[in-house]
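There are 2 protein chains.
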Amino acid sequence: MGKKMTTAISPTRSEDYPEWYQQVIRQSDMAERSPVRGCMVIKPWGYAVWENITRTLDDMFKKIGVKNAYFPIFIPLSFLEKEAEHVEGFAKECAVVTHHRLEKGPDGGLEPAGRLNEPLIVRPTSETIIGDSFSKWISSYRDLPVIVNQWGNVVRWEMRTRIFLRTSEFLWQEGHTAHATSEEAMELTEKILHIYEDLVENHLAIPVIKGKKSPAERFPGAEETLTIEAMMQDRRALQAGTSHFLGQNFARAQQIKFQSSEEKEAYVWTTSWAVSTRLLGGLVMTHGDDDGIVLPPRVASAHVVLLPIIRKEGDRSAVMEYVQSLARERRDAVYQGRPVVVEIDDRDIGGARGWEWIKKGIPLRVEIGARDMAENAVFVGRRDKGHREKESIPRDRFVGEIGSLLDEIQERLRTRARGFQQDHTCRIDDMDAFTRYFTPQNQAKPEIHGGYAMAHWCGGENCETAIKNDLGVTIRCLPLEEAAEEGRCIFCGRPSDRRVIFAKAY
Amino acid sequence: MGKKMTTAISPTRSEDYPEWYQQVIRQSDMAERSPVRGCMVIKPWGYAVWENITRTLDDMFKKIGVKNAYFPIFIPLSFLEKEAEHVEGFAKECAVVTHHRLEKGPDGGLEPAGRLNEPLIVRPTSETIIGDSFSKWISSYRDLPVIVNQWGNVVRWEMRTRIFLRTSEFLWQEGHTAHATSEEAMELTEKILHIYEDLVENHLAIPVIKGKKSPAERFPGAEETLTIEAMMQDRRALQAGTSHFLGQNFARAQQIKFQSSEEKEAYVWTTSWAVSTRLLGGLVMTHGDDDGIVLPPRVASAHVVLLPIIRKEGDRSAVMEYVQSLARERRDAVYQGRPVVVEIDDRDIGGARGWEWIKKGIPLRVEIGARDMAENAVFVGRRDKGHREKESIPRDRFVGEIGSLLDEIQERLRTRARGFQQDHTCRIDDMDAFTRYFTPQNQAKPEIHGGYAMAHWCGGENCETAIKNDLGVTIRCLPLEEAAEEGRCIFCGRPSDRRVIFAKAY
Numbered sequence: 001m002g003k004k005m006t007t008a009i010s011p012t013r014s015e016d017y018p019e020w021y022q023q024v025i026r027q028s029d030m031a032e033r034s035p036v037r038g039c040m041v042i043k044p045w046g047y048a049v050w051e052n053i054t055r056t057l058d059d060m061f062k063k064i065g066v067k068n069a070y071f072p073i074f075i076p077l078s079f080l081e082k083e084a085e086h087v088e089g090f091a092k093e094c095a096v097v098t099h100h101r102l103e104k105g106p107d108g109g110l111e112p113a114g115r116l117n118e119p120l121i122v123r124p125t126s127e128t129i130i131g132d133s134f135s136k137w138i139s140s141y142r143d144l145p146v147i148v149n150q151w152g153n154v155v156r157w158e159m160r161t162r163i164f165l166r167t168s169e170f171l172w173q174e175g176h177t178a179h180a181t182s183e184e185a186m187e188l189t190e191k192i193l194h195i196y197e198d199l200v201e202n203h204l205a206i207p208v209i210k211g212k213k214s215p216a217e218r219f220p221g222a223e224e225t226l227t228i229e230a231m232m233q234d235r236r237a238l239q240a241g242t243s244h245f246l247g248q249n250f251a252r253a254q255q256i257k258f259q260s261s262e263e264k265e266a267y268v269w270t271t272s273w274a275v276s277t278r279l280l281g282g283l284v285m286t287h288g289d290d291d292g293i294v295l296p297p298r299v300a301s302a303h304v305v306l307l308p309i310i311r312k313e314g315d316r317s318a319v320m321e322y323v324q325s326l327a328r329e330r331r332d333a334v335y336q337g338r339p340v341v342v343e344i345d346d347r348d349i350g351g352a353r354g355w356e357w358i359k360k361g362i363p364l365r366v367e368i369g370a371r372d373m374a375e376n377a378v379f380v381g382r383r384d385k386g387h388r389e390k391e392s393i394p395r396d397r398f399v400g401e402i403g404s405l406l407d408e409i410q411e412r413l414r415t416r417a418r419g420f421q422q423d424h425t426c427r428i429d430d431m432d433a434f435t436r437y438f439t440p441q442n443q444a445k446p447e448i449h450g451g452y453a454m455a456h457w458c459g460g461e462n463c464e465t466a467i468k469n470d471l472g473v474t475i476r477c478l479p480l481e482e483a484a485e486e487g488r489c490i491f492c493g494r495p496s497d498r499r500v501i502f503a504k505a506y
Numbered sequence: 001m002g003k004k005m006t007t008a009i010s011p012t013r014s015e016d017y018p019e020w021y022q023q024v025i026r027q028s029d030m031a032e033r034s035p036v037r038g039c040m041v042i043k044p045w046g047y048a049v050w051e052n053i054t055r056t057l058d059d060m061f062k063k064i065g066v067k068n069a070y071f072p073i074f075i076p077l078s079f080l081e082k083e084a085e086h087v088e089g090f091a092k093e094c095a096v097v098t099h100h101r102l103e104k105g106p107d108g109g110l111e112p113a114g115r116l117n118e119p120l121i122v123r124p125t126s127e128t129i130i131g132d133s134f135s136k137w138i139s140s141y142r143d144l145p146v147i148v149n150q151w152g153n154v155v156r157w158e159m160r161t162r163i164f165l166r167t168s169e170f171l172w173q174e175g176h177t178a179h180a181t182s183e184e185a186m187e188l189t190e191k192i193l194h195i196y197e198d199l200v201e202n203h204l205a206i207p208v209i210k211g212k213k214s215p216a217e218r219f220p221g222a223e224e225t226l227t228i229e230a231m232m233q234d235r236r237a238l239q240a241g242t243s244h245f246l247g248q249n250f251a252r253a254q255q256i257k258f259q260s261s262e263e264k265e266a267y268v269w270t271t272s273w274a275v276s277t278r279l280l281g282g283l284v285m286t287h288g289d290d291d292g293i294v295l296p297p298r299v300a301s302a303h304v305v306l307l308p309i310i311r312k313e314g315d316r317s318a319v320m321e322y323v324q325s326l327a328r329e330r331r332d333a334v335y336q337g338r339p340v341v342v343e344i345d346d347r348d349i350g351g352a353r354g355w356e357w358i359k360k361g362i363p364l365r366v367e368i369g370a371r372d373m374a375e376n377a378v379f380v381g382r383r384d385k386g387h388r389e390k391e392s393i394p395r396d397r398f399v400g401e402i403g404s405l406l407d408e409i410q411e412r413l414r415t416r417a418r419g420f421q422q423d424h425t426c427r428i429d430d431m432d433a434f435t436r437y438f439t440p441q442n443q444a445k446p447e448i449h450g451g452y453a454m455a456h457w458c459g460g461e462n463c464e465t466a467i468k469n470d471l472g473v474t475i476r477c478l479p480l481e482e483a484a485e486e487g488r489c490i491f492c493g494r495p496s497d498r499r500v501i502f503a504k505a506y
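Residue numbers (our numbering), protein chains in the order written: chain A, 1 to 506; chain B, 1 to 506.
Please keep in mind that the hints were generated in silico from the structure rather than gathered at the bench.
Computed from a predicted structure; not experimentally measured.
Among the clues, some could well be false.
Unchecked claim - Some chain B residues near chain A, calculated using beta-carbon distances under 10 Å:
#1 Gly46
#2 Lys92
#3 Val122
#4 Arg328
What the hints assert, rightly or not - Sample of chain A residues lacking proximity to chain B, with all beta carbon distances greater than 12 Å (derived):
#5 Gln22
#6 Glu32
#7 Glu197
#8 Arg218
#9 Gly386
#10 Arg388
#11 Leu478
#12 Cys489
Even for Gly, the Cβ is constructed at its ideal location relative to N, Cα and C.
Starting from the given sequences, assemble the full structure and let the hints guide the process.
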């Protein structure tokens with residue numbers, strides 16, 4: 001190319017954010033579109049991040065007594081119909097199984113055969129099928145609480161899909177619990193939200209705001225939806241995890257009853273909660289830069305790549321021996337309870353090799369040539385810094401301090417993301433300012449707008465809907481940690497006792 | 001009950017083996033039938049065993065360089081049709097998705113709507129969808145080998161189902177690899193078989209025989225299927241894991257080609273391999289007894305249950321303190337790289353409590369009452385022994401030796417199962433004896449017959465089919481470790497150079 005390449009990814013974030021996102025994922029080898037409409041293939045480099053997330057979260061769940069279980073992928077149509085709001089919420093995007101075999105048709109090709117008496121829905125979420133089990137498992141207060149979690153896949157037939165963020169099939173965990181009292185169920189709903197916050201902030205290095213959803217934005221069938229909301233680099237919000245207090249809605253719909261200690265029959269109180277592979281999209285959009293993705297060390301697919309630099313063929317065996325011995329030294333090292341994963345890349349492909357690892361977002365790139373060997377040093381590039389900022393570090397110090405180096409990167413990513421979020425959050429009390437805040441200043445880049453607006457809201461659905469229709473802005477949450485404050489609704493001027501977060505969202 | 005209860009499970013194995021199996025699973029709380037035809041619910045006690053199996057196997061895979069990934073659950077019908085034998089093998093048991101939403105029908109109920117242009121099959125196995133990715137990922141010998149594994153669910157619409165053994169949906173791992181040479185692909189196929197043997201023998205304590213399948217019993221589309229075969233207590237064989245050498249069949253069907261180092265274009269050589277939740281059925285049927293399941297310690301959901309025995313209310317707090325301190329002491333203990341899982345059951349439900357844990361198969365039951373405390377001892381029941389054979393062990397010794405105690409149980413279960421298999425394996429050279437061996441002696445118990453027959457087979461499909469039709473007996477495998485031996489086919493008398501294993505099978 002005649003043009004000087006200044007960034008590894010084209011377009012850059014500021015040139016075209018949505019296209020940058022697609023390119024970054026493609027070039028990092030995280031995932032790709034599949035030939036099945038709206039479904040993705042999660043490639044090993046992306047799946048390893050998901051595995052790290054699942055192991056971390058699963059350990060957190062187990063510490064509070066969550067037990068894993070597995071329920072059928074198919075939900076009979078009649079089950080889904082039991083809770084009216086719930087079926088309403090999912091009916092438009094269901095994959096429906098209607099037949100159970102294939103047979104040769106008149107033209108010789110295979111056709112669906114063996115029609116089912118009742119269609120089966122590929123689970124979009126499992127409240128109704130798990131509720132059926134709960135109704136059999138629970139009869140007395142002694143059987144409560146029931147706290148189960150399922151790791152699995154779900155299907156929602158989305159019309160507009162984007163890898164990780166919105167796909168027809170995705171991976172997730174869904175927790176489902178039943179309790180004797182409303183208080184206990186609400187307490188569990190909150191406890192899970194705190195676990196999600198811990199996971200996303202401390203492991204994915206994505207700062208979040210905890211809050212309640214407005215009634216219109218709740219999960220179909222929930223009485224309260226708690227959420228953690230993250231801000232992407234295009235200043236849009238991403239709902240990163242939700243925990244639902246379902247009241248007795250599903251218990252009533254599915255007859256999940258128990259005998260209390262006073263021998264009275266009552267409906268249980270249920271909750272459900274989930275995070276999904278969507279988090280991988282959040283990771284890319286929070287930390288990625290114009291050279292590719294940037295993986296936080298605690299969930300990185302690998303931590304270090306060793307890159308032997310062989311300038312003369314005569315150096316090869318000595319350099320490779322040095323690299324191998326360095327890899328061996330690291331073999332038993334542990335970072336955050338998991339082994340430090342070291343890759344060796346000795347491919348002879350020139351500068352493309354280093355760029356590949358930059359695009360893949362590996363935290364540390366370590367170049368080792370004859371000169372480094374002579375100095376008993378390694379030449380280290382950190383992914384959280386510019387690609388030219390490399391540093392020679394004595395070998396022993398590098399080996400001894402790798403854990404703290406990774407921690408430093410982890411913390412720096414989080415601090416940077418927190419700063420970005422704060423820089424793009426604004427208290428707004430005037431509808432004109434609010435409208436300007438959410439109106440793109442540059443028509444060529446419709447994605448660039450203000451960010452989060454902390455504004456007063458009267459609690460009325462009409463105001464919420466009007467703002468959504470006019471500006472494409474929704475109430476992301478009523479933040480849990482925002483102090484009460486007298487004010488007037490940004491839209492209608494009626495009294496309000498707290499600010500909520502408005503934003504454009506994924 | 002007036003009748004003296006001698007076993008916890010009714011019927012016993014010898015009274016009605018198939019019904020015993022259903023009862024044992026129900027009463028152990030491992031799993032249950034779901035309202036969705038042929039699908040199961042895996043309950044926490046059963047799922048924990050599956051989790052232990054998956055973590056153990058996943059670690060083994062990672063050690064040889066297997067990378068996990070995830071591919072779509074849906075397979076377009078046209079993909080499945082590409083390999084003729086393959087689609088033939090699965091067409092009769094496919095869940096077919098034909099619509100992508102629900103709409104109110106004329107009678108007000110919801111009906112499938114939004115017909116798909118091409119039906120999608122819920123994956124029965126993923127060779128064809130993963131092969132599509134391989135065809136995009138692979139272009140040069142430098143891209144090879146590709147070694148990926150997927151943990152997930154699959155669906156095969158079985159008409160007769162039995163929990164764990166044959167269900168419409170089950171959980172499994174499926175590995176898929178592509179190689180530059182036939183030799184390398186075959187080597188990988190064998191390496192995986194050895195990993196499966198290690199898992200099943202050393203962790204599930206189920207002895208297996210490794211072998212090749214006869215051509216008729218191969219996976220649809222495979223050139224060679226390697227298998228591990230276990231023997232259940234009704235002397236039937238259970239195929240516990242298979243590893244397939246697919247030759248270039250799928251590569252040709254899906255155009256998976258690469259440029260060799262000599263710049264020639266060639267098809268890759270592929271393999272696939274799987275174990276599933278069927279292993280849980282094998283576990284139950286190998287080790288279970290007339291009191292319930294018996295969990296091998298290395299995969300047990302929990303290792304020890306502490307049962308406080310409170311004869312006088314005044315003893316309660318002292319006994320509970322003793323139990324809690326014992327549990328604390330065990331908290332950091334590790335068995336086989338995982339924490340020793342200790343349950344405390346202080347429910348006041350009399351003798352039913354101990355029986356519940358026996359039926360659940362927990363390796364060690366530890367009773368602690370005032371007398372044990374006074375002696376600074378614990379009263380230990382081992383699940384591999386009779387339920388009355390309990391032993392008082394000094395507390396310190398119990399705490400110090402728990403690992404070796406669990407190892408002893410693990411080894412004893414395997415030795416016992418190995419002995420059972422050997423006792424019911426017979427070399428047979430005469431068709432009359434062969435027929436008698438496989439003919440139930442008691443018409444009331446059609447499941448009781450000889451077991452494995454090591455017999456000569458000419459290699460002809462006719463003889464194999466005739467034996468299958470006459471006796472319901474199939475060739476389980478051509479054992480890898482069986483020495484060559486001249487002989488004559490048990491059915492037709494033609495020459496044979498080795499014995500194969502015939503058995504009835506699940």
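Going through the hints against the structure:
| no. | hint | result |
| --- | --- | --- |
| 1 | Gly46 | holds (8 Å) |
| 2 | Lys92 | holds (5 Å) |
| 3 | Val122 | holds (7 Å) |
| 4 | Arg328 | violated (16 Å) |
| 5 | Gln22 | holds (16 Å) |
| 6 | Glu32 | violated (8 Å) |
| 7 | Glu197 | holds (25 Å) |
| 8 | Arg218 | holds (21 Å) |
| 9 | Gly386 | holds (30 Å) |
| 10 | Arg388 | holds (28 Å) |
| 11 | Leu478 | holds (32 Å) |
| 12 | Cys489 | holds (36 Å) |
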